[in-house]
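Chemist: Each chain, written out:
4 protein chains.
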Amino acid sequence: MTEDQTDRLGHDIVAPDPEPADPHIGHAYITAKDDYLKRLRRIEGQARGLQRMVEEEKYCIDILTQVSAMTKALQAVAMGLLEDHLSHCVVDAAVRGGPEAEAKIKEATDAIARLVRS
Amino acid sequence: MTEDQTDRLGHDIVAPDPEPADPHIGHAYITAKDDYLKRLRRIEGQARGLQRMVEEEKYCIDILTQVSAMTKALQAVAMGLLEDHLSHCVVDAAVRGGPEAEAKIKEATDAIARLVRS
Amino acid sequence: MTEDQTDRLGHDIVAPDPEPADPHIGHAYITAKDDYLKRLRRIEGQARGLQRMVEEEKYCIDILTQVSAMTKALQAVAMGLLEDHLSHCVVDAAVRGGPEAEAKIKEATDAIARLVRS
Amino acid sequence: MTEDQTDRLGHDIVAPDPEPADPHIGHAYITAKDDYLKRLRRIEGQARGLQRMVEEEKYCIDILTQVSAMTKALQAVAMGLLEDHLSHCVVDAAVRGGPEAEAKIKEATDAIARLVRS
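Chains A, B, C and D, in that order, give the protein sequences.
Residue numbers for the first sequence follow the working numbering, beginning at 12 and rising by one.
Residue numbers for the second sequence follow the working numbering, beginning at 12 and rising by one.
Residue numbers for the third sequence follow the working numbering, beginning at 12 and rising by one.
Residue numbers for the fourth sequence follow the working numbering, beginning at 12 and rising by one.
So that you can see chain A by itself, here it is in the shape it has in the complex (with noise of 0.2 Å):
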């Protein structure tokens, strides 16, 4: 069904990425990683069903409830990758300490801020 679809196609998209990421640089997703890939593949499908829903001139309103559950869907994507940068990236930075620590923290409140009013 569309899921699968939807599954294949962002893969083949992905797949042929020439340069696999040095596992040794990556970043504190990793270990979800997996999760993450599955939710963006659903969004992407809520995307993609947003266009049918258009294409076959759907009622708006009902477009607009979809528009709300995709909007939520990428908060809450956004706001486990939140937790997981706060976790490593932050929390290393902390326990090195100095300016750097300062420097994240404020990084990571501008990223929340820009959350916040988007």
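Simulated from the structure, these hints should not be mistaken for laboratory data.
Hints may contain errors.
Remember, identical chains collapse to one label, so a pair may be satisfied in a single copy or spanning two.
[Claimed, not checked] With a cut-off of at most 27 Å between alpha-carbon atoms, the simulated DSS-like pairs for lysine-lysine come out as follows:
(1) 117 / 49
(2) 69 / 83
(3) 69 / 117
(4) 83 / 49
Here the structure is a predicted model, which means the values were calculated and not measured.
Assemble chains B, C and D onto chain A, guided by the hints.
Modeler: Just chains B, C and D now, with coordinates in the frame of chain A:
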């Protein structure tokens, strides 16, 4: 490039729809249909871009910045659809008057509340 | 208790208004005016509660929880005002039709966009 | 003018606090306490301004614009408190390490999720 791929793929999936929507029962946004489809395909491309970023283990904050941009793009689509909906469905119901007009307003306000909260 | 204090003070400030609004040019929300005033006085009380929490150096997370609650209360007032506005001003303009109707829809959508982003 | 009234009244209410907070158990934001109090008194003034607008039956859209401004001001306070919290409480917990650090991160992320949704 990526945008083209996105368009092509998006089209491949949407195309096989066997029963084209009846133009006579089309909703308000039909006039801007191509514009909405274009924006939604770009959003689909952003969802795929996020997968690539996670796959390649890009820096968390950069991914969050992309999530914010994608959320903003989604909200902009929602605002466009909402304006179309108010201009057509709600205005039509208002002109006819009666309880249906009230119901349309309530329905639109509920959709807006979901957007504000999402 | 606090709620009473809030009400009394709020009233003291609002009362000396020398020129009461002309009821004939009143806007839609007049029917629910007392309800809105009550909710806004409670929000004013929440703003005072936040000051107390900062003054007494309460735990940051508890203060943030209160900020979220206050933001939700504000957004609920906004949704109520918006529904009133759509039901009256926008519906009236729709019935009269013409460019004024369009302008009212555009104005309402812009206000909604500000709420979604704020 | 209004701002002064607001400040004076806000101060009158906050002042009689009989038990000043013990500075030794103060939280991170103490350094910026006066700034936060000033901003929160201004927000309290905005809540009072909204009551006046409703009382005088101002135009709905103008009231909604003020609600958006007040929400933005509140979110800015929240972002400031959050940055202070991350810089102090979370960084301290990170340096000590162990399950408490993880719990602090989880708690902060939950608070951020509430802000994003509110």
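Chemist: Run every hint past the structure and note whether it holds.
Modeler: Here's how the hints hold up against the structure:
1. 117 / 49: between (30 Å within a copy, 23 Å between copies)
2. 69 / 83: both (21 Å within a copy, 22 Å between copies)
3. 69 / 117: Close across copies (19 Å), not inside one copy (43 Å); limit 27 Å.
4. 83 / 49: Answer is both; intra-copy 15 Å and inter-copy 22 Å each pass.
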